[in-house]
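Engineer: What follows is each chain in one-letter form.
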Amino acid sequence: MRKILIIGAASAIAEATARIWAQSGDHLFLVARNQDKLESIAADLRVRGCPKVETYTMDANDFNIHTRMLDAAEQALDGLDTVLIAHGSLSDQVSCQQSVEKTLLENNTNALSAIALLTHIANRFELRKDGVILVISSVAGDRGRQSNYIYGSSKAMLTTFCSGLRQRLYKSGVSVVTIKPGFVDTPMTTEFKKGALWATPKKIAKYIVDAANKQKNIVYAPFFWQFIMLIIQHIPEAIFKRLKL
Amino acid sequence: MTDQILKSWGRIQHANQEVVSIDSRNELLIPKIPVSKTWLPYGNGRSYGDSCLNSGGVALKTGKLNRFISFDPSNGILICEAGVLLSEILNLIVPQGWFLPVTPGTRFVTVGGAIANDVHGKNHHVTGTFGSCIRSFELQRSDSQRLICSEQQNSDFFAASIGGLGLTGIIIWAEIQLRRIRSPWIEFESIRYESLAEFFDLCEESDKDYEYTVSWVDCAGTGKRLGRGLFVRGNHAPIGQGQAQYHPKIRTFPFVPPISMINSITLKAFNALYYRKQIAKKIRSIQHYQPFFYPLDEVLEWNRMYGPKGFYQYQCVVPTHVSKEATTELLKEIAKSGMGSFLAVLKLCGNKSSPGMLSFPLPGVSLALDFPNRGQVLHQLFHRLDTILAASNGRLYPAKDGRMSGSLFRQGYSRWQEFANFIDPQFSSSFWRRVMEDR
Chain A
1 MRKILIIGAA SAIAEATARI WAQSGDHLFL VARNQDKLES IAADLRVRGC PKVETYTMDA
61 NDFNIHTRML DAAEQALDGL DTVLIAHGSL SDQVSCQQSV EKTLLENNTN ALSAIALLTH
121 IANRFELRKD GVILVISSVA GDRGRQSNYI YGSSKAMLTT FCSGLRQRLY KSGVSVVTIK
181 PGFVDTPMTT EFKKGALWAT PKKIAKYIVD AANKQKNIVY APFFWQFIML IIQHIPEAIF
241 KRLKL
Chain B
1 MTDQILKSWG RIQHANQEVV SIDSRNELLI PKIPVSKTWL PYGNGRSYGD SCLNSGGVAL
61 KTGKLNRFIS FDPSNGILIC EAGVLLSEIL NLIVPQGWFL PVTPGTRFVT VGGAIANDVH
121 GKNHHVTGTF GSCIRSFELQ RSDSQRLICS EQQNSDFFAA SIGGLGLTGI IIWAEIQLRR
181 IRSPWIEFES IRYESLAEFF DLCEESDKDY EYTVSWVDCA GTGKRLGRGL FVRGNHAPIG
241 QGQAQYHPKI RTFPFVPPIS MINSITLKAF NALYYRKQIA KKIRSIQHYQ PFFYPLDEVL
301 EWNRMYGPKG FYQYQCVVPT HVSKEATTEL LKEIAKSGMG SFLAVLKLCG NKSSPGMLSF
361 PLPGVSLALD FPNRGQVLHQ LFHRLDTILA ASNGRLYPAK DGRMSGSLFR QGYSRWQEFA
421 NFIDPQFSSS FWRRVMEDR
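So the protein lines, in turn, are chains A and B.
Residues in the first sequence are numbered consecutively from 1, following the working numbering.
Residues in the second sequence are numbered consecutively from 1, following the working numbering.
None of these hints come from the bench; they were simulated from the model.
Among these hints, one or two may not hold up.
[Claimed, not checked] If you only want the chain A side, here are some residues facing chain B, beta carbon under 8 Å, derived: (1) Asn108; (2) Pro236; (3) Ala238.
[Unchecked claim] Using 30 Å as the maximum straight-line C-alpha spacing, the simulated DSS-like pairs for lysine-lysine come out as follows: (4) A/Lys129 x A/Lys194; (5) A/Lys203 x B/Lys224; (6) B/Lys7 x A/Lys206; (7) B/Lys224 x A/Lys193; (8) B/Lys224 x B/Lys309; (9) B/Lys37 x A/Lys193; (10) B/Lys32 x A/Lys202; (11) A/Lys203 x B/Lys37.
Every residue gets a Cβ at the ideal spot worked out from N, C-alpha and C, and that includes glycine.
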């Protein structure tokens, strides 16, 4: 049985993951901004067999509340051994290009808030000498592209942070898993036309649960994104800058 | 919001629609959705024709409205959002000793869709339609009214929305009364019958003792072979039966073949073989509920086998007093045409009245079969079948239909005018416009 904290629990990927954990009897502490949504997700997880679900309303960009929330989670579940960081927002590239304010806000949401949370969580888990920290980054963080480099560069920061954290915590027996989903059909991406490369949140969730069980390092979800990104990363910049990606 | 091409199960009708995903039961529709176009809920797209489509309008997709709200295993009352699939409900409740009182031939339909089409199953003669196990639901209207509907409360909207084809508003959640089972297994018998007369005898003999009855009929059989088939009857098995584990083998039909795999040559051969699949007159066995109720669900996307032109299903019901004559005539006409498919089902519908104004079943016999889309010749056959149907006061099932005439619909569903009063002014569907346009 795991004691799991999920930040960004109302996201489609987090919810699908929570359903799998609920069915295996894990205890869950769900954090999201919207109280109504959290309550309906918690009720669903209880029906699916989750023995313990607690909720906490928080905006991840409220950096001051992070430790209070972590205390509440540890108290509610009598300790924590797994964390899933799943919050984020798909930045509107065009409007960010016109606004420093928007760009910084996106950066806060997708990178800095997660980094702040990870700082606290890492220190707590390091003391316990055990635990799994799962962080949802993105394939978009593997290389900046003109169509979404605001989002992509935030995720790149998160990916790089996790990579360092993984090395640091390895000796304490704490695993840091970077999840890099490709295109996922979620409310965040309703605006997009869906093609063959698109995956369901349920599919990504299976990758996350599996990665937690096997304490993997970097997980592309679905797996084929690893090959796609390998190619994209190796296109020479002189050519890459001319592409319309 | 994006425009998408939405399809229905028959793969004939396509509709270009703006798609809006409804993902929270607390959200109101109005601020989110443009009112310049008409709306229609879209669940899992398992209706065969155009009843789930609204060409040029907005599709309110309910797939993400898929949360359970509560389940009491002591009394079997389940409340869930309308986008939950029956398959997810079964996964939850069967291990806890409960089952859906009514289930259609596929478990991949949403609760909202099952209500809006008032679906029925192999136990119609005992339990009636899906609507009869619905205790209540919430109907959200385009004017932001949120109506709790049940037999006691807003009973008129309750009756209009059950079988209401999604036109009365959007169903947000529903409360379902489940039934107890003692195991996930079904004890059944399969009996070969040689004629329609024998089919009717079997129905009469079986309907009291067997909760589930259905039959496959050889739609290619002519002369002496007319109306031969296999009659299946079963009951939930008691504890201790079928201890073996069930290992489902789910496959996907991998591609759309360039032509329909069902044609006049394969049809005759397949039907003759299928009829002979059991050598004995009667076999008795035990089966897991999944292959018993949902044999077609084991091949995902089986609708592809009819090729790029898709297929129609013709499902009709004819009243009891004319059922023998009408069924014989329909089968003769179909066999003569050489069209049809091996998926032909004959089923006795019971006397239990359906709660919905536009519910399909009536006491009598229901015949359902698929037809690969062969264009004009097929429509000529449909026209001949419609004539038989109209003369015997039967009707076609909107959930399966993509072509019936408005007059046949209005003749078959005498309460359509009463129903029309409950249609939400913002809602419409390709089906509804089609059956209303020739008035």
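Engineer: Checked against the structure, which of the hints given earlier come out wrong?
Structural biologist: 1, 2, 3, 4, 5, 7, 8, 11
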